[in-house]
Amino acid sequence: MSEQKIIPIGPYHPLQEEPELFKLYCEGEIVRDIKWETGYNHRGIEKLSESKSFDQSFFLVERICGICSTSHPFAFANAMEEIVEVDIPDRAKYIRSIVGELERIHSHLLWVGLAGHFLGYDTVFMWAWKYREPVLDLFEMISGNRNSYAMFKIGGVRRDIQNDKLPKIRETMKFLKKKTDLLTGAVMDDPVIHARTKGVGILTREDILEYAAVGPTARASGVDIDVRRDDPHAAYGMVDWKVITSPEGDVFAKAKVRLLEMFESIKIIEQCCDGLEKLKEGDIETVVKNVPAGIGTGHYEAPRGEVFHFVKTIGTNSPARHKIRAPSYVNIATFKKACVGQTISDATISLAAVDPCYCCTERMAVAYDYSTGKKVLSANELIKQSQKRTNYIKRNI
Amino acid sequence: MRREEFIEKIKSEFADHILGTEYLRANRVTVNVDPDFILDIAKFLHQKIRLRFIIASAYHTKAGFEILYHFSDDSNGNIYNIHVLLPHEKPEIQSLAQFLVAADWIEREMHELFGVTFLNHPNPEKLISEGNWAEGVYPYRKDFN
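In order, the protein sequences belong to chains A and B.
Adding 360 to a residue's 1-based position in the first sequence gives its number in the working numbering.
Adding 16 to a residue's 1-based position in the second sequence gives its number in the working numbering.
Quick caveat, the hints were computed from the structure, so don't treat them as lab data.
Model, not experiment: these values are computed from the prediction.
Honestly, I wouldn't trust all of these hints.
Cross-link-like lysine to aspartate or glutamate pairs, in silico, EDC-like; alpha carbons within 20 Å at most [claimed, not checked]: (1) A/696 with B/52; (2) B/64 with A/550; (3) B/59 with A/397; (4) A/383 with B/146; (5) B/64 with A/566; (6) A/407 with B/159; (7) B/142 with A/397; (8) A/534 with A/410; (9) A/602 with B/146; (10) B/78 with A/410.
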């Protein structure tokens, strides 16, 4: 048996969204085992939430993740509304769904871009992130922020989307439909992407059930689950859309599911705009005065899968216990199935396909000159070269 | 499966170990069970009725340590909470990770944050506090300051 080498990825890496350490145990090019370490940046948000009022907790949970910053408030609102037993106005339902779906589009575009980048396909990266910008502009128009939108509260939403803003949303959706079509065609028909992603990082249906994985990870292995359809809330039961699944379980299937889901999101947003037009402006919340003692379990289909919030209240103004389960918590564990047996170069895209907590090589390459034994390019020399380049650009602007 | 059917099924299988049931709003149910039989009950839910394990939530009250195991029926969006109460003096319970990989992380996390011991856990290493937290100090307990 050849010797096993450990390739560490992380814990801190410019391309990883979270600090995590992956250790790939490799024999030659093949990954034989994978171990991971987490907890480098545990923020204690569940404990912190116990010291906040319910209204403040919305802002706290929004900051769990920068990319799905509306999914956590969405699930938290669902949990709280279960405790206070309140029905929210239709207008608030439509607005919630619009914000949720816009987030899905920008998150999926971000993933497609990153996946392209890690395959060495930077054109996809540039395109995807370019078309993500109009979505963030819409967010700025709706909420004033490109991220962390602060739209949710118990009983409704904080801000209305006035009807005069709807044409802009429709126009952007039309544009995105065209561009997503272009992007989907480019990705799905490309022979290089086929070669890099088909049959790579396969998760079977049994793997998904064993690890209780959720979201596009599960749907790309033929497990037909989606909280938006299974447990309808907000406007999801009021509009026409379908859940995208694919049975293959490889990286290509995950890309396909995400790309096609964007079209469904566009469809939902357009129908929500129709719904908003028929309703009176301003009717966006049911006022909730007291939160009784009880327990609430709320979930929402975030771009990466089901976000789950459990809240226990005791009649005071803050949660007595607030448990949060993000989709990556269950999806990351499937790395063990997806990566083992792959080559190192496929392991990176397999990790990216499951979850965008992404990785690349951690270390810088240092070349030695055989004859002299000296470093050809040291760290300082690299920095000097970079500074030289910056100075050159500065001089020539 | 409607939630009434679920209650019927679990009662017919574990009649003596069900301590109470509670219907919450719409499609949520809490079933209070005897902690000594959690392994059999969870096996029944996961392997026989094919429910999806979402996560487990622990919390600390005057009565002791309470754990809710959340299971989801994805055919209709029902969530079933299986509730157990563990005494202050001896917070111990059988580990579900023995047969359910999905419970591995959360049980290790609960052990670190609440000090609940999961018996026969296949991989009882630290998950989040390795090398950066004192032994025997459990930050999510109510008496922690």
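So, going through the hints one by one against the coordinates:
Our distance criterion of 20 Å between C-alpha atoms is broken by residue 696 of chain A and residue 52 of chain B, whose separation comes to about 31 Å. Between the alpha carbons of residue 64 of chain B and residue 550 of chain A the distance comes to roughly 43 Å, so the proposed pair goes past 20 Å and is violated. Between residue 59 of chain B and residue 397 of chain A the alpha-carbon distance is near 28 Å, which puts this suggested pair outside the 20 Å criterion. A distance of roughly 16 Å separates the Cα atoms of residue 383 of chain A and residue 146 of chain B; the hinted pair therefore holds under the 20 Å criterion.
Taking the CA atoms of residue 64 of chain B and residue 566 of chain A, the gap is near 15 Å; set against the 20 Å cutoff, the hint holds. Of the pairs offered as hints, the one joining residue 407 of chain A and residue 159 of chain B holds, with about 12 Å between alpha carbons and a cut-off of 20 Å not exceeded. Simply put, residue 142 of chain B and residue 397 of chain A have alpha-carbon atoms about 9 Å apart, close enough for the 20 Å limit, and the pair holds. Taken as a hint, the residue 534 of chain A and residue 410 of chain A pair is broken in the structure, with Cα atoms around 43 Å apart against an allowance of 20 Å.
For the hint linking residue 602 of chain A to residue 146 of chain B, the alpha-carbon distance of about 43 Å lies beyond 20 Å, and the restraint is violated. Among the hinted pairs, residue 78 of chain B with residue 410 of chain A is consistent with the structure: their alpha-carbon atoms are about 16 Å apart, no more than 20 Å.
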